[in-house]
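2 protein chains.
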Amino acid sequence: MDGTYKDMIAFHGHSCPGLAIGYRMTKAALDFLSGLRSKDEELVAIVENNACGVDALQYISGCTFGKGNLIFKDYGKQVYTLYDRKTKRGVRVCFMNRAVPQGLRNDRKKFIDWLLSVPDEEIISLKEVRIDEPEPARIMKSAECAFCGERVMETRVREINGKPVCIPCAEKMQ
Amino acid sequence: MDGTYKDMIAFHGHSCPGLAIGYRMTKAALDFLSGLRSKDEELVAIVENNACGVDALQYISGCTFGKGNLIFKDYGKQVYTLYDRKTKRGVRVCFMNRAVPQGLRNDRKKFIDWLLSVPDEEIISLKEVRIDEPEPARIMKSAECAFCGERVMETRVREINGKPVCIPCAEKMQ
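Chains R and U, in that order, give the protein sequences. Residue 1 is where the first sequence starts when you use the working numbering, and the numbers rise one by one after that. Residue 1001 is where the second sequence starts when you use the working numbering, and the numbers rise one by one after that.
Check before you lean on any hint, since a few could be wrong.
To be verified - Result set (DSS-like, lysine-lysine): computed pairs, CA atoms no more than 30 Å apart in a straight line: (1) R/K127 - U/K1163; (2) U/K1163 - U/K1006; (3) U/K1073 - R/K163; (4) U/K1109 - U/K1088; (5) U/K1006 - U/K1073; (6) U/K1027 - R/K141; (7) U/K1127 - R/K86; (8) U/K1086 - R/K6; (9) R/K109 - U/K1039; (10) R/K172 - U/K1109; (11) R/K73 - R/K27; (12) R/K127 - U/K1141; (13) U/K1027 - U/K1163; (14) R/K27 - R/K163; (15) R/K39 - U/K1127; (16) U/K1141 - R/K6; (17) R/K110 - U/K1141; (18) U/K1172 - R/K141; (19) R/K86 - U/K1172; (20) U/K1086 - U/K1141; (21) R/K73 - R/K88; (22) U/K1141 - U/K1039; (23) U/K1027 - R/K6; (24) R/K141 - U/K1086; (25) R/K27 - R/K141.
What the hints assert, rightly or not - Chain R is nowhere near these chain U residues, computed Cβ spacing over 10 Å in every case: (26) F1011; (27) G1035; (28) D1055; (29) K1077; (30) V1091; (31) L1104; (32) R1108; (33) L1126; (34) I1131; (35) G1162.
Hint data in this document are derived by calculation from the structure and do not stem from the laboratory. Cβ atoms here follow ideal geometry from the backbone N, Cα and C, with glycine treated the same way.
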């Protein structure tokens, strides 16, 4: 287990099989693309679940919730699609659940060790895909809520009696 | 700038004012609560935007997208609410945008330095709040999609002709 893996555990908060799965999926996808972590929005990830593994994806790929290059589709599937804006290449990785030997899940430590040592092709189904390039994140102007006085992104303002109102204030008034 | 801050920049991918704002908001909220990072789901954060600062929140508080203790409400506001499951205390922090001296935003480096050195009370509005305790994340059973054969969380399965189908397959068939 290298330093990066340990730092990733520290980010997630604990070690678990889900994190190891996300790590393997992300590494496989990155290896297929440029191998580089996304400093800004060079890469985009579309994740089809919001389980532990996505913290591995955030940490390893640099596709993070706060940068806007992490797109969540609530499909409940162990699938990530990574797209490289520079090369316009996309790759879809899926964790092959049925590859896990029976009974192994009962021993958490052994399961993690296995997940970190089994060859890619036994646990990862990978294919190149063409996808429409996702829109980059945009910085929006702000307005001031006429009721609480707090700042609100212009595109999230509601109008009540001709005044700009934030969503929480608007909902309180209903 | 201490080691943690540098590691947080490495996680986000770059240094920016938004990250510094999220750092100050998160630190202020954590200081009000136990001060401890969330290894598992001890803390929950409700964030009212998905901008850069949320990466600081993930990194510093341990409320991460993959652990399920990061709840996103798309209100476009610089507001985080953190809740401690142990003490049942909640705190709401809001960044006071109007405290930023005019013109400072034009000098990115100076703006970041200012954000990291100005006292809490000048930039953070903080109050204790009572909120309903958010549900912890749950692990769901899985089914197999009758079309692609991939695993799907049971609660995301659609039924077509009496067969379990994942959402992407179901959408392709429409």
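Violated constraints from the hint list, given by number and in increasing order: Those not satisfied are hints 2, 4, 7, 10, 13, 14, 15, 18, 24, 25, 26, 28, 29.
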